[in-house]
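In this text, residue positions in the sequence shown follow our numbering: the first is 1, and each later residue adds one.
No lab work stands behind these hints: they were computed from the structure. Be a bit skeptical, because a hint or two may be false.
Claimed, not checked - Computed spacing ranges between beta-carbons, pair by pair:
no.: 1; residue 1: D70; residue 2: P40; range: 17 to 25 Å
no.: 2; residue 1: I31; residue 2: M73; range: 18 to 26 Å
no.: 3; residue 1: D70; residue 2: I31; range: 16 to 24 Å
no.: 4; residue 1: R33; residue 2: N67; range: 20 to 28 Å
no.: 5; residue 1: E68; residue 2: P40; range: 15 to 23 Å
no.: 6; residue 1: E68; residue 2: A90; range: 15 to 23 Å
no.: 7; residue 1: V65; residue 2: D41; range: 29 to 37 Å
no.: 8; residue 1: D41; residue 2: D70; range: 15 to 23 Å
no.: 9; residue 1: T29; residue 2: S84; range: 18 to 26 Å
no.: 10; residue 1: H80; residue 2: Q51; range: 14 to 22 Å
Note that the coordinates shown come from a computational prediction; the quantities given were computed from them, not determined experimentally. Note that the Cβ used here is the ideal one computed from N, Cα and C, for glycine as well.
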Amino acid sequence: MASGFCRTRGDSALTATHTGTSYAACFRTNIDRLFPDLPPDTAWASGASDQRIFILRRHRLTVAVSNETDHPMELAALNHAIASAIAAWA
């Protein structure tokens with residue numbers, strides 16, 4: 001499991017949901033290298049419908065990714081796309 005921290009409001013939910021009144025925002029670090037091409041100090045969060053937010057501290061960039069649950073996100077492709085964007089930005 002990735003290292004991280006969570007902040008919750010309402011019920012003590014650990015994951016975001018479309019239904020109910022629970023809200024959760026959990027950020028994880030990339031220390032476990034789930035995204036091997038991104039820096040270890042990257043913080044990321046996963047939300048409803050597999051939406052993701054990446055905070056690339058060293059590069060002073062934030063990446064927001066929207067997705068529909070009907071089409072599962074391919075994490076290896078996401079890793080490569082963000083790493084390519086970082087390289088182009090630098």
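Do the hints match the structure? See the list:
no.	hint	result
1	D70 <-> P40: 17 to 25 Å	violated (32 Å)
2	I31 <-> M73: 18 to 26 Å	holds (21 Å)
3	D70 <-> I31: 16 to 24 Å	violated (31 Å)
4	R33 <-> N67: 20 to 28 Å	holds (22 Å)
5	E68 <-> P40: 15 to 23 Å	violated (30 Å)
6	E68 <-> A90: 15 to 23 Å	violated (31 Å)
7	V65 <-> D41: 29 to 37 Å	violated (19 Å)
8	D41 <-> D70: 15 to 23 Å	violated (33 Å)
9	T29 <-> S84: 18 to 26 Å	holds (21 Å)
10	H80 <-> Q51: 14 to 22 Å	holds (19 Å)
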